[in-house]
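First to last, the sequence lines map onto chains A and B. For reference, each letter of the first sequence is one residue, going 1 to 303 in our numbering. For reference, each letter of the second sequence is one residue, going 1 to 303 in our numbering.
It is possible that part of the hints are untrue.
[Said to hold, decoys possible] Counterexamples of contact, computed for chain B against chain A with all Cβ distances above 10 Å:
no.	residue
1	Asn121
2	Leu153
3	Lys229
[Stated by the list, open to error] The calculated DSSO-like cross-link candidates involving lysine-lysine, where the alpha carbons are at most 30 Å apart (straight line), are:
no.	chain 1	residue 1	chain 2	residue 2
4	B	Lys39	A	Lys175
5	B	Lys249	B	Lys262
6	B	Lys175	B	Lys249
7	A	Lys175	B	Lys262
8	B	Lys39	B	Lys175
9	A	Lys249	A	Lys175
10	A	Lys262	A	Lys249
11	B	Lys229	B	Lys262
12	A	Lys254	A	Lys175
13	A	Lys254	A	Lys229
14	B	Lys229	B	Lys254
15	B	Lys39	A	Lys39
16	A	Lys229	A	Lys175
17	B	Lys175	B	Lys254
18	A	Lys39	B	Lys249
19	A	Lys229	A	Lys262
20	B	Lys39	A	Lys229
21	B	Lys175	A	Lys33
Hints were generated in silico from the structure; no laboratory data involved. Cβ coordinates follow ideal geometry from the N, Cα and C atoms, glycine included.
There are 2 protein chains.
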Amino acid sequence: RPSSRLAQMKHQAHQSPSSSWASLQADVEAHLKHAMPMKEPLVVFEPMHHLSFAAPATAVPALCVAACELVGGQRHRAMPAASALLLMLAASYTHEHLPLTDRPKPKPRPEPMIRHVYGPNIELLTGDGIVPLAFELLARSDDPARDDSDRVLRVIIEIARAVGSVGLVEGQYRKITTGGSGSDGGEVCHVESIRRVAEKIGGEMHACGGACGAILGGGSEDEIERLRKYGFYVGIIQGLLLQRGEIEKEEEEKLIMEEVEKVRDLALMELEAFEVQSMGQGPQSKRLHIGLALEGSQSCNYG
Amino acid sequence: RPSSRLAQMKHQAHQSPSSSWASLQADVEAHLKHAMPMKEPLVVFEPMHHLSFAAPATAVPALCVAACELVGGQRHRAMPAASALLLMLAASYTHEHLPLTDRPKPKPRPEPMIRHVYGPNIELLTGDGIVPLAFELLARSDDPARDDSDRVLRVIIEIARAVGSVGLVEGQYRKITTGGSGSDGGEVCHVESIRRVAEKIGGEMHACGGACGAILGGGSEDEIERLRKYGFYVGIIQGLLLQRGEIEKEEEEKLIMEEVEKVRDLALMELEAFEVQSMGQGPQSKRLHIGLALEGSQSCNYG
Chain A
1 RPSSRLAQMK HQAHQSPSSS WASLQADVEA HLKHAMPMKE PLVVFEPMHH LSFAAPATAV
61 PALCVAACEL VGGQRHRAMP AASALLLMLA ASYTHEHLPL TDRPKPKPRP EPMIRHVYGP
121 NIELLTGDGI VPLAFELLAR SDDPARDDSD RVLRVIIEIA RAVGSVGLVE GQYRKITTGG
181 SGSDGGEVCH VESIRRVAEK IGGEMHACGG ACGAILGGGS EDEIERLRKY GFYVGIIQGL
241 LLQRGEIEKE EEEKLIMEEV EKVRDLALME LEAFEVQSMG QGPQSKRLHI GLALEGSQSC
301 NYG
Chain B
1 RPSSRLAQMK HQAHQSPSSS WASLQADVEA HLKHAMPMKE PLVVFEPMHH LSFAAPATAV
61 PALCVAACEL VGGQRHRAMP AASALLLMLA ASYTHEHLPL TDRPKPKPRP EPMIRHVYGP
121 NIELLTGDGI VPLAFELLAR SDDPARDDSD RVLRVIIEIA RAVGSVGLVE GQYRKITTGG
181 SGSDGGEVCH VESIRRVAEK IGGEMHACGG ACGAILGGGS EDEIERLRKY GFYVGIIQGL
241 LLQRGEIEKE EEEKLIMEEV EKVRDLALME LEAFEVQSMG QGPQSKRLHI GLALEGSQSC
301 NYG
């Protein structure tokens, strides 16, 4: 029964990721490895391969595939977009950890440090090579037999905006120009600034994953917007939990966790429309996938 | 008469750029300024604007527009692709001059040094923001009324490949991994390595400009391939002339200049097919534009 599935998902949202969510991620990675063969010149492709899979996993690619399936699309239709999203996040992660001359040396932290396998020059170029590859994969995914080039172009615009100067890049600007999440004024203000970074860095990429999956799966405009919002909330939760580690005051941590609960409710609300639609339509395996995004968002450590 | 035009172009190829070539470049810049309005957050868009136009001009955007017109297309069809190419080269230029911790300090040179208006962090992010914007402009250029989304997707693939790990980025890897053009073994080998960098850095971007213009102008496959080759040769000439400044031995410089002459003949040969086609078709203003690329290639100082 769908309602018991939903209850199960709500419960799971507080647990570690399930194998079915991890298997979506593994499918995307397998697709990408196939689409990005190791070839000459190795000096170029070896670092590209390595750095594409070195970044911490996020729920974004799996969310894209799950959204496609939820609206009735076939999984393989979403694979190029899911792979492109994975590549974009990997490129961004690589550039975010470049040792630039005006960046402070990383502080020692409990978690393991970034291990730089290549020099900064190569890492910079590799990020620069990964991004066009992602757009190439998207543009190639057009299937003339299906006449879906409009959907593909729409997804290219969605992803370009999400990773660009009004999305991921803007979030990183904010991080730099406000000196990270720790240099603002009062407490409320601080929590708000954490929320804003969470929206830009986590929210918009997950929103993009949900929307692109729904577009490629042939979803209605209403379904596309619901899955965009659902992704947005899931991404904010991820962004908030990530930044929690940097908070020192107990009061603030409490405010952040209240925010997480509020946003989680909003995310679940977007799923309700699908719940009603699918009542009595047989096994709800698709519903399960989407619900798991909430759970995936808890254990991912991208940032 | 076309033949006298051609003679004129051959002559002009050794001069400074004409006003008609410069006016194509100005048109592309005006289109781009309109497509990239200055908006909030200014902390993001101000550096994007500045750095997009701060890189030295190349013949690539104008070549794209000229190729479109040569095959009978309207100028405005090529503007988004020409703008995207300009943005890609600007992003690449910005990243190539980032002060990374493993890069040697720039040697003092006769030409003016790069003036860094922003910190490395901002310059890195700005490059990262410019590239998706370029793809967004391309994807948005689809005109449903014309049903040309297949051409637009093809151009996205062309540009992604030219700027990515099998094009511009590979050329930069080569520069880094061979330690620039000055560290190879024997002389012939050195000239050959200069030629290879010229192919990757100049050749493939100009080839892409020619091909994309011809695709968007509705050219035949034969026309697309001729303008691709023409662009390739023009770009190699540019790359060779750029690197000439770094050569110390007179003998080597002679070899390079011989190579330039050889490649120039090949470039002009690709134009001959258009010459025959257009005999007696009235004013040859389009022909003039394309021929000027040879001339533009002499005075640009990208690199």
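Quick rundown of the hints versus the structure:
1. Asn121: Violated, because the least Cβ-Cβ distance between Asn121 (chain B) and chain A comes to about 5 Å, which does not exceed 10 Å.
2. Leu153: violated, 5 Å
3. Lys229: Given that every Cβ of chain A is farther than 10 Å from that of Lys229 (chain B), nearest at about 22 Å, it holds.
4. B:Lys39 / A:Lys175: holds, 19 Å
5. B:Lys249 / B:Lys262: With a Cα-Cα distance of about 20 Å, the restraint between Lys249 (chain B) and Lys262 (chain B) holds, given a limit of 30 Å.
6. B:Lys175 / B:Lys249: Distance ~20 Å between Lys175 (chain B) and Lys249 (chain B) Cα, so the pair holds.
7. A:Lys175 / B:Lys262: Answer violated: Lys175 (chain A) to Lys262 (chain B) is near 52 Å, above 30 Å.
8. B:Lys39 / B:Lys175: With a Cα-Cα distance of about 37 Å, the restraint between Lys39 (chain B) and Lys175 (chain B) is violated, given a limit of 30 Å.
9. A:Lys249 / A:Lys175: Judged against 30 Å, a Cα distance of about 20 Å means the pair holds.
10. A:Lys262 / A:Lys249: holds, 20 Å
11. B:Lys229 / B:Lys262: holds, 14 Å
12. A:Lys254 / A:Lys175: The given pair, whose Cα atoms are some 22 Å apart, holds under the 30 Å limit.
13. A:Lys254 / A:Lys229: Measuring from Cα to Cα gives roughly 25 Å; hence the hint holds.
14. B:Lys229 / B:Lys254: holds, 25 Å
15. B:Lys39 / A:Lys39: Violated - the C-alpha atoms of Lys39 (chain A) and Lys39 (chain B) are around 42 Å apart, more than 30 Å.
16. A:Lys229 / A:Lys175: Answer holds: Lys229 (chain A) to Lys175 (chain A) is near 23 Å, not above 30 Å.
17. B:Lys175 / B:Lys254: Holds: Lys175 (chain B) and Lys254 (chain B) sit about 22 Å apart, inside 30 Å.
18. A:Lys39 / B:Lys249: violated, 36 Å
19. A:Lys229 / A:Lys262: OK: Lys229 (chain A) and Lys262 (chain A) at ~14 Å, within 30 Å.
20. B:Lys39 / A:Lys229: holds, 25 Å
21. B:Lys175 / A:Lys33: holds, 27 Å
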